[in-house]
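Each chain, written out:
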Amino acid sequence: MTIIGIAGKIACGKGIAAEHIVSRYHAGFIDYSQFLYQVLDIFAVPHERKHINALSIFLRATYGQGIFNNAVVRALGEHKEELVVVTGIRREQELDGLAAIPGFVFLYIESDIDTRYQRNRTAHRKPGDAEMTFDQFQEKDSDDSNRTIEGLKDRADYVVENDGTRDEFLSQVDSVIAKIVS
Amino acid sequence: MQKIVVGLTGRLASGKGTVTRHLVETYKADKTRSSDPLRATLDIFSIAQTREHLDALSTFVREAYGENVIAQAVKRYLAKSEAGVVIFDGMRRLVDVEMIRSFEHSLFIFVDTDKDIRYTRSVGRNENIGDDTMTYEDFLAKDSDEPQQQIEALKEYADVVLDNNGTPEELSKQLSEKVDAALEKLLAHQE
Numbered sequence: 353m354t355i356i357g358i359a360g361k362i363a364c365g366k367g368i369a370a371e372h373i374v375s376r377y378h379a380g381f382i383d384y385s386q387f388l389y390q391v392l393d394i395f396a397v398p399h400e401r402k403h404i405n406a407l408s409i410f411l412r413a414t415y416g417q418g419i420f421n422n423a424v425v426r427a428l429g430e431h432k433e434e435l436v437v438v439t440g441i442r443r444e445q446e447l448d449g450l451a452a453i454p455g456f457v458f459l460y461i462e463s464d465i466d467t468r469y470q471r472n473r474t475a476h477r478k479p480g481d482a483e484m485t486f487d488q489f490q491e492k493d494s495d496d497s498n499r500t501i502e503g504l505k506d507r508a509d510y511v512v513e514n515d516g517t518r519d520e521f522l523s524q525v526d527s528v529i530a531k532i533v534s
Numbered sequence: 504m505q506k507i508v509v510g511l512t513g514r515l516a517s518g519k520g521t522v523t524r525h526l527v528e529t530y531k532a533d534k535t536r537s538s539d540p541l542r543a544t545l546d547i548f549s550i551a552q553t554r555e556h557l558d559a560l561s562t563f564v565r566e567a568y569g570e571n572v573i574a575q576a577v578k579r580y581l582a583k584s585e586a587g588v589v590i591f592d593g594m595r596r597l598v599d600v601e602m603i604r605s606f607e608h609s610l611f612i613f614v615d616t617d618k619d620i621r622y623t624r625s626v627g628r629n630e631n632i633g634d635d636t637m638t639y640e641d642f643l644a645k646d647s648d649e650p651q652q653q654i655e656a657l658k659e660y661a662d663v664v665l666d667n668n669g670t671p672e673e674l675s676k677q678l679s680e681k682v683d684a685a686l687e688k689l690l691a692h693q694e
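Chains as they are written, first to last, in my numbering: chain A, 353 to 534; chain B, 504 to 694.
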C-alpha cells in the first residue's frame, strides 16, 4: 500500500488534490479531522469549531499526542486500496508517526496567502468564510491549530504549487502520482 | 411491532448479566450500556478501555457537551435498534429512568442483592482486571462511591425488583414469574 500524506495551509487546495487522487486513481481517503467528527457524531454534537477544538485538546492532553496516529493506523487497516490519501496533517508528531509506516510519501501543497484568502472567501466551506477580512484570515492562518503546518514543508518528498489554474495544479499532482506509483 | 425498552440496574455484581442473558436468549434482545458510546470513542483511537480512561472521557463529554449527552446517545441507540426488546444495562440516574419512560413501552428491572453475596461473586468472576484480588474493604469502598449510591435510590421506581440472594434456580423462577410475565403482558397489549 502506498500512503500519500498531504499537508498545506488553509485553502491551499488539499481537498481538491485529495478528491482528484481519490476519483482518478481509486484511492482510499483518510482525513485527520474525520476522527473528531466521528466522536461528535456519536454524541450528536454539531460540527462547530469550538466543539472540535475542545475535543482535540482533551484527547491529546488525556491520552497522549500519538492517539491520532493510532486512529490513522487503525483506519488504514480497514482500507483495501493500493493507494490511500491521508490529509489534514498539521503537526511534526503526526508526520513522524506516518513517516514510520512503510510506503508513506509526503506531499506539501504551497499557495500564497492572497490566493488562499480569495479562495477561502469564495469556497464557502464554513459559515462566515465569505465575510472574513484579510486580517481575520491571517489570524486564523497562524492560530494554534494552523501555525505548525508550514514547518512540515521541509520534510516533503514533493512540493506542489497551487497559485495558478486548477488544471495546472492537478496536472502537477498527476506528475507526482506518476513518480510515486512508477 | 413497537419495541419494549428494558431498563436494568443493580449494584456491583448484583447479577445484571444473568438477567441480560435471559432476555437475549428468550427474546433475542439487543442491549446497550451507557459506557458503549464512550467505548466506541476510545476504540477510534485504539485507547485501552480502562475504568480510568472511560471516567475521564465521561467527565469531559458531560462538561463540554451537556450533562445529558451520554443518556441521549443511549436513547438514540435504543430508538434505532430493530430488536423487539432492547436493554439499557446499567442505569444510574433518575434521568435514565425518565429517558426509558419516554418510550411507549418500558420495563424497569432492579436487581437487589446483599453486599456480602455480591462481594463473593465479584471475586469469583473477575469481570474487571483486579476484581479477583479485591479485599472486602476495597469492595465496600468501590460499592459506596457516588454512582453506586445513586443506583440504590432508583429502586423505588422499578417495575420489577428481583431478589438475587438465593440460588440460580430461585432467580430463574423470578425471571419467569416476574420479568417474562411483565413482558408477555406488554407484548399482548401491543397486539
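Simulated from the structure, these hints should not be mistaken for lab results.
The beta-carbon is built from N, C-alpha and C at its ideal position, and this holds for glycine as well.
Accuracy of the hints is not assured; some may be wrong.
Pairs of lysine-lysine residues, derived as BS3-like cross-links and limited to a Cα-Cα distance of at most 30 Å, are as follows [unchecked claim]:
#1 B:Lys-506 - B:Lys-645
#2 A:Lys-402 - B:Lys-506
#3 B:Lys-676 - B:Lys-506
#4 B:Lys-506 - B:Lys-531
#5 B:Lys-578 - A:Lys-402
#6 B:Lys-645 - B:Lys-658
Partial chain A-side listing against chain B, Cβ under 10 Å, derived [unchecked claim]:
#7 Ile-419
#8 Leu-450
#9 Ile-453
Inset, instruction - Sort out which numbered hints this structure fails and list those numbers smallest first. - result: 1, 2, 8 and 9
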